[in-house]
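Following the hints, put chain X in place on chain G, whose structure we already have.
Those protein sequence lines, which keep their order, are chains G and X. The first sequence maps to residues 1335 to 1550 in my numbering. The second sequence maps to residues 1335 to 1550 in my numbering.
Since the hints were derived computationally from the structure, they do not count as laboratory data. All of these numbers come straight from a predicted model, not from anything done at the bench. Beta carbons are placed, not taken as given, at the ideal position from N, Cα and C, and that holds for glycine. It is possible that part of the hints are untrue.
[To be verified] If you want a taste of the chain X side facing chain G, the calculated C-beta under 8 angstroms gives, among others:
#1 LEU1464
#2 PRO1485
#3 LEU1520
[To be verified] Which stretches of chain G does chain X cover? Using the computed rule of at least three CB atoms under 8 angstroms from a CB of chain X, they are:
#4 1385-1393
#5 1406-1417
#6 1459-1470
#7 1484-1491
#8 1506-1514
#9 1527-1536
There are 2 protein chains.
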Amino acid sequence: MRVSDLSRKSGVSVATIKFYLRERLLPTGKPTARNQAEYDDTHLSRLRLVRTLITLGQLRLSSVREVMTAVDTKGLSVQGLCQVVNRALFADQPTATGDDAIEPARMRVDDFIDSLDWLVAPDSPGRSTLANVLAALRRLGSNCDADIFAPYAAAAEELAVHEIVSTPDGPPETVVATTILLEVALVCMRRMAHEHHLALRSAGVIAGNSTRQGDT
Amino acid sequence: MRVSDLSRKSGVSVATIKFYLRERLLPTGKPTARNQAEYDDTHLSRLRLVRTLITLGQLRLSSVREVMTAVDTKGLSVQGLCQVVNRALFADQPTATGDDAIEPARMRVDDFIDSLDWLVAPDSPGRSTLANVLAALRRLGSNCDADIFAPYAAAAEELAVHEIVSTPDGPPETVVATTILLEVALVCMRRMAHEHHLALRSAGVIAGNSTRQGDT
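Only chain G is shown next, with the shape it has when bound in the complex (with noise of 0.2 angstroms):
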């Protein structure tokens, strides 16, 4: 098919097309004629993929271009695909913010993920955005310990327990899209769940509401 077709298909304008062409997301078509190039399904597959890892993933250029090439390298184990696209999806979380107060948090972070077992490389960017986070808490005025994130660990454990266990591991590009979107499906299910809880207590549903009018 022409690039238009593949536009016509994709609902991806020429333009952007031609745009990820020039950045290497997409692999060049089998070219036909001057200025003219033939693509197939697997163009139109992948330019779904990165379309889909760019608007509802959020990912940068730079990112979705490291995701794609670890989708491309043959032999790459799952394991080593999944750590590709961690690192694509912390790469605009600051590793840093040059405050005192990260030191001490990233080794409670650190002493809260030995306390889990965690197999996390000391490199994980998990680690040091967790301290970040953690910091940023206390600095806003919060005494929490790195505790507080237990919850969390939990429930994100049963998770992937439950993704790593049920899902087929399919080709790298099914699993790239599945790891990616079931995060923002994840995200998308927390602020939905705050926003019936917070109903449910506005309205006087449930006992958080009645307990804290009790207090102090």
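Relative to the frame of chain G, chain X by itself:
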């Protein structure tokens, strides 16, 4: 304190502080001389909050401004505040991809939310993001339905109850900061839990691996 003191205490550069002032993310100081103003601790804590929402929360400037306006609105309920925060968090999500698959996906997502009995507004942006996720999963080759989100909904609800019941409301700044920072923490935990369970699986430790080897 002068702007230079504000910079030193917060670790945010003077240029960035001046940018935030121009963008009305920070209230102006008390003018003391031409081109000089005096700032106090309320400016410092506001600056820390703005900085956190931008760096860790990855909110756009326009979203931060909306959230700050809500924080400063006297008499706004926690529910109202969280609604603003929720919408700010969703601001970067596409509402539609101009795709025929969105409409049926949206209906399936609405049915799914109904089946949960959640009080979620019909125009809550989570619904359309989730519909986009479902449509993307199907477009990328999965034949899943909206019930793929069920374990995420269960986990999210448990965490929301925990947060809303266990956390005293506190000042609006704290509500905003914890809502956003604990979402970052949840996402971090999910990525690290994946790293952990993929490492376990590649070491052949858990059932997921051997079961799969016996399959197909």
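Going through the hints against the structure:
no.	hint	result
1	LEU1464	5 angstroms, holds
2	PRO1485	5 angstroms, holds
3	LEU1520	5 angstroms, holds
4	1385-1393	holds (count 5)
5	1406-1417	holds (count 5)
6	1459-1470	holds (count 7)
7	1484-1491	holds (count 6)
8	1506-1514	holds (count 5)
9	1527-1536	holds (count 10)
Consistency with the previously given hints is maintained throughout, with no hint failing.
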